[in-house]
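Protein chains: 2
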Amino acid sequence: MENLIQQSQKFKDLHREALKYINLNPLQRGGILSDAARKIVNEWADGYSVCDYCGGCLDLIKNPPIEEFVHDKLPKFLGTYAARLTNGAREGKFAVMHSLCEKGDTVLFDSNAHYSSFVAAERVGAEVVTVPNSEYPEFKIDENLYAEKIEEIKKAGKEPKLALLTYPDGNYGNLADAKKVGKICREYGVPFLLNGAYSVGRMPVNAKKLNADFVVGSGHKSMAASGPIGVLGTTSEYEDVLFRKSPKYKIKEIELLGCTSRGLPVITLMASFPHVLERIRGWDEEVSNARWFLDKISGIPGIKPLGIQPTEHDLNFIETPVFYEISKKHKKRGYFLQKELKARGIVGIKPGLTNFFKLSTYLLTTDEIKTVADAFLEIYEKYEDLLE
Amino acid sequence: MENLIQQSQKFKDLHREALKYINLNPLQRGGILSDAARKIVNEWADGYSVCDYCGGCLDLIKNPPIEEFVHDKLPKFLGTYAARLTNGAREGKFAVMHSLCEKGDTVLFDSNAHYSSFVAAERVGAEVVTVPNSEYPEFKIDENLYAEKIEEIKKAGKEPKLALLTYPDGNYGNLADAKKVGKICREYGVPFLLNGAYSVGRMPVNAKKLNADFVVGSGHKSMAASGPIGVLGTTSEYEDVLFRKSPKYKIKEIELLGCTSRGLPVITLMASFPHVLERIRGWDEEVSNARWFLDKISGIPGIKPLGIQPTEHDLNFIETPVFYEISKKHKKRGYFLQKELKARGIVGIKPGLTNFFKLSTYLLTTDEIKTVADAFLEIYEKYEDLLE
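If you read the protein sequences in the order shown, they are chains S and L. Per the working numbering, the first sequence starts with residue 433, numbered consecutively. Per the working numbering, the second sequence starts with residue 433, numbered consecutively.
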């Protein structure tokens with residue numbers, strides 16, 4: 433015990449280095465707290481802080497007004513009949529699949545789906561069929577292929593229990609026509625889940641308008657909330673399936689294990705909500721900023737954005753063979769790029785990656801975006817001579 | 433949208449009233465942040481804050497030193513071969529049951545088990561057989577009944593897939609002899625899960641010494657961490673069952689959906705860890721404080737603690753028929769007690785309850801405990817005349 437105490441002192445004083453830098457990691461850009469949320473963090477940081485006046489249901493707590501948020505504001509926001517809090521988008525996807533599928537059932541995903549969608553299916557024991565993308569350079573999902581794949585699954589004697597679309601996907605920021613996918617799914621009677629981890633809280637998303645039976649969002653990824661927290665919405669048709677109650681404890685919802693993201697995450701989600709609504713109104717500007725940035729760095733020889741262009745999202749995938757060529761001759765190898773960016777006040781590119789990487793310009797000021805674009809250009813110019 | 437923005441402004445400025453009071457809610461006492469954790473909250477409150485340098489596995493992150501914490505300190509602390517972070521104790525229990533059970537399988541719980549254990553079993557589709565307690569007033573679990581029940585299940589042609597003990601239970605704070613239960617389970621070859629939501633982080637708990645194959649703890653309940661977060665430990669025998677990897681994404685663990693409690697919760701868990709280790713050394717004093725308190729309020733006619741006495745835990749269940757009698761004649765009815773306590777700077781008793789309630793004295797100073805005991809006595813004396 434004495435030893436363990438000694439060796440654990442280091443955990444007391446941990447600092448977040450990345451705070452001092454412009455952070456391009458797409459994971460991080462949408463989860464920065466609003467000023468309103470930041471102001472109350474200290475009051476609500478203790479363990480189960482929101483549960484002082486809980487009568488047994490997280491989503492029915494009146495003080496703080498979680499009930500109003502979850503049962504009134506959130507469904508309006510998501511365009512769903514009912515909504516709940518989850519521990520994250522992935523946990524929401526698992527809850528949907530676990531409610532609809534038995535082991536051995538088949539589900540249909542876009543092939544750009546996040547790894548956690550596949551892992552959730554594995555946890556459920558469901559087989560995944562994928563809608564292919566168009567491959568390099570667009571990696572586009574053709575919505576009509578959902579119909580084709582549903583037919584295929586049926587022909588093989590199975591009934592697809594769920595169709596999922598990643599909106600946008602987390603690699604290329606491609607936004608497929610969700611409404612069209614939803615319409616196809618409805619025609620075939622296949623429940624449709626929209627994974628909005630990178631859209632809900634950034635851009636307008638309305639499940640009803642997009643013909644989605646389920647929608648998941650991520651508080652820490654895109655709703656300016658402290659993690660882990662997600663949102664999950666559904667229709668009146670699926671409410672009792674997804675949020676079915678325990679036979680033994682009548683008020684507890686089985687799929688949520690009674691309660692989910694208790695404590696600071698829900699308070700920050702609520703406190704940031706007005707800010708999130710406001711920023712969604714500025715979405716067009718975010719897209720035009722991303723386009724400006726991509727356009728700018730496409731001026732460097734060989735650099736080009738992948739995914740559907742012009743981009744419709746702040747998350748983008750960039751091919752940078754020129755940096756890869758430099759890395760082969762640089763003594764830091766693949767790490768040179770990270771080091772050079774850091775020297776210019778920038779972090780968030782995956783360490784060691786030079787051939788391609790993804791980044792996000794979300795909520796960066798135009799000055800910051802210019803700094804980033806200039807940094808890439810400067811680094812290229814600095815090492816131009818290494819290339820023959 | 434305009435309306436929603438208007439109506440959501442109220443969420444921006446939420447304050448936690450209970451902070452100004454002595455909080456007796458057992459849920460809250462063990463989750464108060466340590467000073468060290470509180471100091472760094474602001475740095476780490478953004479969304480996915482710990483993931484700046486993530487290579488794909490939460491538990492392998494080196495900066496901040498999550499890897500060292502999860503793979504070295506935590507197993508030592510829990511007395512397990514392997515450990516991971518979860519979104520909470522209930523999520524840990526579900527992960528264990530989901531790893532071991534098929535639908536229709538049978539699991540064995542103590543009848544004092546937390547509702548979330550039963551709901552987790554319902555989510556898995558497992559049938560629960562319970563080891564009865566001795567009922568009023570001790571509600572004691574006879575460890576030998578685990579053997580009896582296992583025999584019964586086997587006689588009915590089933591194999592119990594898991595045995596669970598709630599250590600202590602969340603109503604009476606009873607600590608059964610976990611080691612003995614573990615020994616019985618081992619003799620029968622039944623995996624044994626210890627639910628330490630109210631013990632891990634408060635009192636010494638070593639899974640190996642208690643013959644437990646699995647242990648879950650709660651960061652927000654008992655480890656001075658911001659919620660939601662839990663810990664989950666297991667043996668080398670079950671490591672590959674519980675933490676099995678995705679066939680498609682080799683580094684992702686299926687049962688954890690790739691990653692769990694990302695962000696502030698893990699940082700506060702780590703920052704509070706030295707404090708938690710220290711306070712565990714003061715456990716005997718916590719127990720003696722609880723005994724002093726129970727002894728003191730047992731001086732009020734009719735008031736007595738339930739559960740095994742003298743208590744071995746800070747969480748206690750108290751029968752208070754005298755307050756119930758007063759409530760019948762008080763114009764505030766059942767809410768009078770809450771109101772009177774609040775007037776004396778005390779919250780945390782379930783609103784409306786007067787006949788019995790649970791409370792915790794954990795980490796209260798002796799002065800605070802005296803204030804609470806005096807408050808109950810004063811309230812009794814104030815309304816003594818209402819009783820004939």
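Derived by calculation from the structure, the hints in this document are not laboratory data. It is possible that some hints are incorrect.
Intra- or inter-copy, both count: the list cannot distinguish identical chains.
[Said to hold, decoys possible] Cut-off 25 Å, straight-line C-alpha distance, at most; resulting in silico cross-link-like pairs (BS3-like, lysine-lysine):
#, residue 1, residue 2
1, K593, K535
2, K774, K590
3, K680, K593
4, K682, K802
5, K494, K442
6, K572, K760
To see whether the hints hold, each was checked on the structure:
no. : hint        : result
1   : K593 x K535 : both (11 Å within a copy, 19 Å between copies)
2   : K774 x K590 : neither (52 Å within a copy, 61 Å between copies)
3   : K680 x K593 : between (28 Å within a copy, 21 Å between copies)
4   : K682 x K802 : neither (56 Å within a copy, 38 Å between copies)
5   : K494 x K442 : between (39 Å within a copy, 13 Å between copies)
6   : K572 x K760 : neither (31 Å within a copy, 69 Å between copies)
Violation of the numbered hints given earlier is confined to hints 2, 4, 6; the remaining hints are satisfied by the structure.
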